[in-house]
Amino acid sequence: MSKYTEDDLKKELETKEYEYGFYTDIESDTLPVGLNEEIIIAISKKKEEPEWMTEWRLDAFKKWQEMSEPEWANVKYEKPDLQKISYYSAPSNKPKYNSLDEVDPELLETFKKLGISVDEQKKLAGVAVDVVIDSVSVATSFKDTLKEKGIIFCSMNEAIKEHPELVKKYIGTVIPKTDNYYAALNSAVFSDGSFCYIPKGVKCPMELSTYFRINEAGTGQFERTLVVADKGSYVSYLEGCSAPSRNENQLHAAVVELIALDDAEIKYSTVQNWFPGDSDGNGGVFNFVTKRGLCENNAKISWTQVETGSAVTWKYPSCVLKGKNSVGEFYSIAVTNNFQQADTGTKMIHLGENTKSTIISKGISAGKSQNSYRGLVQISPRAKNSRNFSQCDSLLIGNECGAHTFPYIETKNKSAQIEHEATTSKIGEDQIFYCNQRGIDTEKAIALIVNGFSKEVLNKLPMEFAVEAQKLLEISLEGSVG
Amino acid sequence: MLEIKNLHAKVEEKDILKGINLEIKPGEIHAIMGPNGSGKSTLASVITGKEEYEMTDGQIIFENENLEDISPEERAHKGIFMSFQYPIEIPGVTTTNFIKTAINETRKAQGEKEMSAKDMLQKLREKCDLLDIDQKFLSRSINDGFSGGEKKRNEIFQMAMLEPKLAILDETDSGLDIDALKIVANGVNKLKSKDNAVLVITHYQRLLDHIVPDFVHVLFDGKIVKSGGKELAFELEEKGYDWIKEEIKS
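Here the protein sequences line up with chains A and B, keeping their order. Residue numbers for the first sequence, in this note's numbering: 599 to 1080. Residue numbers for the second sequence, in this note's numbering: 197 to 446.
This is chain B alone, in the form it adopts within the complex (with noise of 0.2 Å):
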């Protein structure tokens, strides 16, 4: 699904990404995980398209096609979302209006008619149901003087209703407290499934309690050191970030 090449890029003249390889499949779950500054969040802005992100050499290519010359929002329509670590308020722009402009904007660019009103208010229901979210929030501008917790579920819903082949969830465990984690990292679990793939950043081991990687990368000074399965996100809430940088120097 995502096969990332030798990826390096750069942020106002300077390299953070210094030679990525990753490769998602269908149907896996792979975590980043890595210290403060190491290029975590630049990645997932570099996949999503984020202007101010330069890509200086290598390949992002998703679902056979390469993605370079592609902007954010072809990249949202041929299913690459993102649930941000912060997520942007805009007054006056309701949930529903707001969810609805970006599933008919993705209708549209892929030749499809609007979705009928019908169909909207019943997916609508169908989700919030699932994330066990009040449909009053719907009415509500989108993310605006929303709680921490608010605005991660709200994240979660929209990937619900958007239903992306691979969803980044960039430090969606920041700011949340253990029952705001749960609920979130629930409706994670329900939305998984054998066709879709999830890429998770964090920087601490506790979201992977929930959400269970089948994969687990560390990324170091903008390249992955280490990779390998669920019992490495252990491995280093035991033994810290240190150790991995010992074990680079030697």
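Next comes chain A alone, as it looks inside the complex (with noise of 0.2 Å):
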């Protein structure tokens, strides 16, 4: 019998290459690289967009270029040259598919590899999916159904052209053009994204699903996602990710953007898996990611998300709680291997009185990875008895990795209620041999372990994307025991 150390437990969670790395081999109409006015105004054109919008670009890429990249966050990478980016990057063969019989049967089979049968889920599920693949959506179920309740549900671009009244109302109102250096470019180049809008007092009967892919090499992807839930009215919305294997650094910067209005309540939950780079380090994707919710009277945010992939994340979706009683809710787990580093967390922004926020973060790292904590808890002078809840817990697995909290608390009125609760603990040689005595090899104890880790977190997410969830834990941890 060979002595099973840690090391070994190190070496063979780090053996496991990206099970989604693949490459679909789609036609596709790309930009030159580069970086400036004339290439913003053809993506603005390309997209058919109204004047407003490209005025709005190129407003954004005026007072993003007299910005600089933030270094605060405790990541370390080489800064991505923005003039080396094509930034548009659109499916060539593109007709609009009434349904999904019509989509190129490569990007179905790249849905196949993924796990994810977007006809099964709808059957199973109900869950209308609008599908963007580098930029452009390509199909969008059930729209008739939605339409009947009067919600919309669509790709940005088509947005803008449809319902401009609604996205000029809305539109960089929680993140402002300039909130941060990949927010304003984000405003100046994205290149597609969601749009969804439930109207007053309507509860939307499904989940709302889009799925996010990197596709063309060298290209970033700027998505940018508007929900808006008018007064009473009630959506969850899913967004999951998954990128094919490369060996250059992907930016993807994307902004996102949920309005709860009085009353209202919008559960917004993401799995994301981009390629987190092999296991040397290279390669994987930037993820610069500004996600912000704003919150009316007595409405409710809560943000679930599950981050497995990317070398490099900073991300903290955050909630601005403006109303009297709303609510912000965050859980998180966030998973790094290899080199993988994040730094990511929440904001909770209290303004209004007997607003509440909860904050569930799960971290666990592996390999050589850092996994950074970062949440601000700010209580605004006016807002009396506002209570928050924060609960931040590490696992850590081998002795290489790091596991960081930097939790601010700001608080400015005395009857505000704080509590945090941190805790780090380790997946020990004793808990994996008492699995293994039980018949559960390593590989499955580790998921045992981490699922039961993970579980406060996976239980807030809907059904069917807690198994995704689940299964994306599996992959990013285990090691292919021989």
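In case anyone wonders, no lab produced these hints; they're calculated from the structure. Take these hints with a grain of salt, some might be off.
Unchecked claim - Okay, the calculated beta carbon distance ranges per label pair:
no.	chain 1	residue 1	chain 2	residue 2	range
1	A	P774	B	K319	51 to 61 Å
2	A	V1065	B	Q318	51 to 61 Å
3	B	Q318	A	E746	23 to 33 Å
4	A	N983	B	Q318	45 to 55 Å
5	B	D315	A	E760	47 to 57 Å
6	A	T1021	B	Q318	36 to 46 Å
7	A	E1008	B	E209	53 to 63 Å
8	B	E308	A	V1065	44 to 54 Å
What the hints assert, rightly or not - Computed far set for chain B versus chain A, every beta-carbon distance over 10 Å:
no.	residue
9	F258
10	F280
11	P283
12	I286
13	T297
14	Q318
15	G371
16	N385
17	L387
18	Y400
19	D417
Since the structure is predicted, the reported quantities are computational estimates derived from the model, not experimental observations. Heads up, the beta-carbon is just placed ideally off N, CA and C, and yes, glycines get one too.
Hey, can you piece these two chains together into the complex? The hints should help.
Shown next, in the form of structure tokens:
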């Protein structure tokens, strides 16, 4: 019986190659690399956008040029050369599809490899899926059902053309163009994304789902999502991603804005699986994302995220609790392995009275990775009787990874109640041997322990998403035991 | 069923087992007794294949198969079970989920299909009744916040669910009061049959009042120095381990 040490365990964890690494050969129409005013005008033109949008983009670009890349995050990476990126890429054989049968079979094959059968999802879960591959929506399903309720769920590009009054009114209101370097860049060059509007008093009858993928070599993806829940409405919105294996760094700088008007509720769930780089730390996606929601009176926004991918992640889904009695929630699982670096967390900005927020963050680090939780709880002078509960748990696998917690609390109202709990634990050889002795191999044992650790957050995900998330956790952490 | 021949083993370069010979047949209960540091728990760890324990000589044959290159989980699949002296906590993993995974992994290894949810539920109920366990217990995270008695009872419950051929009870009596001890012993007795075997590892004789062994072996300094029937346990209790030491010297 050979010795099985923690070093072996670590090695196993590192040898798991990216399972979803493949490249779909779809004809693409790509703009030349580089970034300048002409390129932005060209993007806008390609998308047949109205002039106000072109102006909006150019204004963002102007402001972006005066900004510099943030360096405060606990991550180290070589800054991407933004002049070497092509800012637009769209599948060229691109008629609008009415049904999935018309979709490029190769694309459907891609979904099969991902284990996501769109058809099946539609049938099983009643999920309307708006597929975004390299920036252009190629299929939107369940549109008719949604139409009856007055729900708008379409690509951003379409929304700009079909519902300019809504887009104009809300875009950039939660995340201003100048919010940060990458949000400004996104505002200038965003390629497409999803738009969703739930009318007053309407409860969206199904989970709305979008799958993002980076598909074209060297294409940065700049998605933009805007979800508006009008007074008294409800929507559960899902976003998931998986990127093909690539050796060069790819940039993903998305912006997601959620707006919950009085008495509305938005549940936003995401599973992120961008290519993390290989086990030597080469390649991988840079994920610099700005996500923020605004809650009016009695409104509620909850973010649930499962982050398993990316070489570098920089992401803080936040809630601005502007209205009285509004509620913000953040449930997160962030997994890092090999050389991955994640600096992720949330900001809960309490502006209104009786506002409440909950933060549950689970960080899992393996290999030589670094996993940081960064969170801000801010109570403004007006936010009487507001409350926050934060819990940050870290799980370490092996001796070479790191877990860090940076909780910031700023309170300017004495009536606020803030609680913060944090734990750090390690998967030990004893736990693994205990499982082994019961007939559970090491790979399965780690999955079991990690799932147990993540359970509070996994439980917040919609059922079918939770299953996928569990699978992703296993893929990201398991080694192929011989 | 189990045949141990001239077993030598070391931990961190320290020789602990120095030539153990032991044979266990189906239907038998064996007890290994010995003072602290004699190698009792090491023996259990070596049989189950714990990685830090290195076999340096000898053989362990289980069901006519040499276990030398067999991983701990494969040994479990073949029917070796250990009730841990210190059962491990796994937060967030329910007892049901843990046992379900263990059973299905074993079935998978044996080329069988997963147990259906219906059969699983029935079996869980049956064994709960047998061991007088409240079903609410099953939804708790395994060993997380359990009392000493609950942990040991959970071990025996897992044993009932997994139905091993050979059950090794490593210091199962440690940390138990007399009531808990009776419950655990009672469970083991109910699970005993002519086809399975039990190896009880204990420092004290009191557990053997309730789980009555067919054979008692005294382990001292990595070797079995004396074997006998259950009366040997009483003798040890009465005279203490010094008596054995004296006997070895002379």
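Each hint, compared with the structure:
1. A:P774 x B:K319: 51 to 61 Å: Roughly 60 Å apart at Cβ, these two residues keep to the hinted range, so it holds.
2. A:V1065 x B:Q318: 51 to 61 Å: 25 Å, violated
3. B:Q318 x A:E746: 23 to 33 Å: 46 Å, violated
4. A:N983 x B:Q318: 45 to 55 Å: 51 Å, holds
5. B:D315 x A:E760: 47 to 57 Å: Check passed, 55 Å falls within 47 to 57 Å.
6. A:T1021 x B:Q318: 36 to 46 Å: For T1021 (chain A) and Q318 (chain B) the Cβ distance comes to about 37 Å; the hint holds.
7. A:E1008 x B:E209: 53 to 63 Å: Holds, since E1008 (chain A) and E209 (chain B) (Cβ atoms, about 55 Å apart) stay within the stated range.
8. B:E308 x A:V1065: 44 to 54 Å: 24 Å, violated
9. F258: 13 Å, holds
10. F280: 7 Å, violated
11. P283: Per Cβ check, P283 (chain B) is inside 10 Å of chain A; nearest 7 Å; violated.
12. I286: Not fine: 6 Å to the nearest Cβ puts I286 (chain B) too close to chain A.
13. T297: For T297 (chain B), whose nearest Cβ neighbour in chain A is about 6 Å away, the distance does not exceed 10 Å, so it is violated.
14. Q318: 20 Å, holds
15. G371: Label holds. Min Cβ-Cβ 17 Å, cutoff 10 Å.
16. N385: Holds: least Cβ distance 22 Å, greater than 10 Å.
17. L387: 16 Å, holds
18. Y400: At about 24 Å from chain A, Y400 (chain B) clears the 10 Å cut-off, so the statement holds.
19. D417: 23 Å, holds
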